[in-house]
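Asks: One-letter residues, chain by chain:
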Amino acid sequence: KQEVTQIPAALSVPEGENLVLNCSFTDSAIYNLQWFRQDPGKGLTSLLLIQSSQREQTSGRLNASLDKSSGRSTLYIAASQPGDSATYLCAVGSLDYGQNFVFGPGTRLSVLP
Amino acid sequence: EAGVTQFPSHSVIEKGQTVTLRCDPISGHDNLYWYRRVMGKEIKFLLHFVKESKQDESGMPNNRFLAERTGGTYSTLKVQPAELEDSGVYFCASSQGSGRIYEQYFGPGTRLTVT
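Chains as they are written, first to last, in the numbering used here: chain A, 40 to 152; chain B, 105 to 219.
Take the hints with a grain of salt, since some may be wrong.
[Said to hold, decoys possible] Derived DSS-like pairs: lysine-lysine, alpha-carbon spacing no greater than 25 Å straight-line:
(1) K182/B - K119/B
(2) K81/A - K148/B
(3) K40/A - K119/B
(4) K158/B - K40/A
(5) K145/B - K119/B
(6) K81/A - K182/B
(7) K119/B - K107/A
(8) K119/B - K148/B
(9) K148/B - K107/A
(10) K182/B - K158/B
(11) K119/B - K155/B
(12) K145/B - K40/A
(13) K155/B - K182/B
(14) K148/B - K182/B
(15) K107/A - K40/A
(16) K148/B - K158/B
[What the hints assert, rightly or not] Anything over 12 Å on all C-beta distances counts as not near chain A; from chain B, calculated:
(17) I117
(18) Q121
(19) V123
(20) Y137
(21) E146
(22) H152
(23) G163
(24) E172
(25) G175
(26) G176
(27) T177
(28) K182
(29) E207
(30) V218
In short, the hints are calculated from the structure, not lab data.
Beta carbons are placed, not taken as given, at the ideal position from N, Cα and C, and that holds for glycine.
Just need the whole structure built from these sequences, with the hints factored in.
Replies: Next comes the structure, spelled out in structure tokens:
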């Protein structure tokens, strides 16, 4: 059974800091991993998709890495801004679980001005 | 391009009543997924359509839940009769294809409250 965990559960940082969010999964037989952000009361916004054959993806100030063998992905946010405050979710697409995602519980990020 | 839309945004019903949630995927997306988050839990998969066919419904909690996607366009998720534990946020997502290269795009969700 695929299980996804995210550390830390919550994080509060001053504006301008670089930060790393962690996602771990138990079954390395994945085909992709997607990072999302969720603002309060809103839906999920896709940030980055990493395919199983890739090691990282970048979009603007965001960089996501994937290490399948160790069951880990990290989301790096450079020069954080108050607008980055949201809950960040990682979702793992596993070969043994059809074409759907297994989600982690999320990391709640607060960037203080 | 319009994103995934869901209706209603919020529904409050009494235990034992019926509720139907609707999802309109991004135009041209053959794959449609339903997920839900109940209080304090992670988002969980419910089912996956490819066009009008149910590809995977392993996450459906019980037979009180019925999902349809007639014509392979929009989808409905009916809960009948609703129970208290059905309260939560129901998300719909769509993707152009299925597999490792395809992103899933999520709608804003429908918040269901069963009293």
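Asks: Does each hint fit the structure? Answer for all of them.
Replies: For each hint, the structure was consulted:
{"no.": "1", "hint": "K182/B - K119/B", "result": "14 Å, holds"}
{"no.": "2", "hint": "K81/A - K148/B", "result": "17 Å, holds"}
{"no.": "3", "hint": "K40/A - K119/B", "result": "32 Å, violated"}
{"no.": "4", "hint": "K158/B - K40/A", "result": "22 Å, holds"}
{"no.": "5", "hint": "K145/B - K119/B", "result": "21 Å, holds"}
{"no.": "6", "hint": "K81/A - K182/B", "result": "22 Å, holds"}
{"no.": "7", "hint": "K119/B - K107/A", "result": "44 Å, violated"}
{"no.": "8", "hint": "K119/B - K148/B", "result": "22 Å, holds"}
{"no.": "9", "hint": "K148/B - K107/A", "result": "22 Å, holds"}
{"no.": "10", "hint": "K182/B - K158/B", "result": "15 Å, holds"}
{"no.": "11", "hint": "K119/B - K155/B", "result": "32 Å, violated"}
{"no.": "12", "hint": "K145/B - K40/A", "result": "17 Å, holds"}
{"no.": "13", "hint": "K155/B - K182/B", "result": "18 Å, holds"}
{"no.": "14", "hint": "K148/B - K182/B", "result": "17 Å, holds"}
{"no.": "15", "hint": "K107/A - K40/A", "result": "16 Å, holds"}
{"no.": "16", "hint": "K148/B - K158/B", "result": "17 Å, holds"}
{"no.": "17", "hint": "I117", "result": "20 Å, holds"}
{"no.": "18", "hint": "Q121", "result": "24 Å, holds"}
{"no.": "19", "hint": "V123", "result": "19 Å, holds"}
{"no.": "20", "hint": "Y137", "result": "6 Å, violated"}
{"no.": "21", "hint": "E146", "result": "5 Å, violated"}
{"no.": "22", "hint": "H152", "result": "5 Å, violated"}
{"no.": "23", "hint": "G163", "result": "7 Å, violated"}
{"no.": "24", "hint": "E172", "result": "18 Å, holds"}
{"no.": "25", "hint": "G175", "result": "21 Å, holds"}
{"no.": "26", "hint": "G176", "result": "16 Å, holds"}
{"no.": "27", "hint": "T177", "result": "19 Å, holds"}
{"no.": "28", "hint": "K182", "result": "20 Å, holds"}
{"no.": "29", "hint": "E207", "result": "5 Å, violated"}
{"no.": "30", "hint": "V218", "result": "19 Å, holds"}
Checked against the numbered hints listed earlier, the structure breaks hints 3, 7, 11, 20, 21, 22, 23, 29; every other hint is satisfied.
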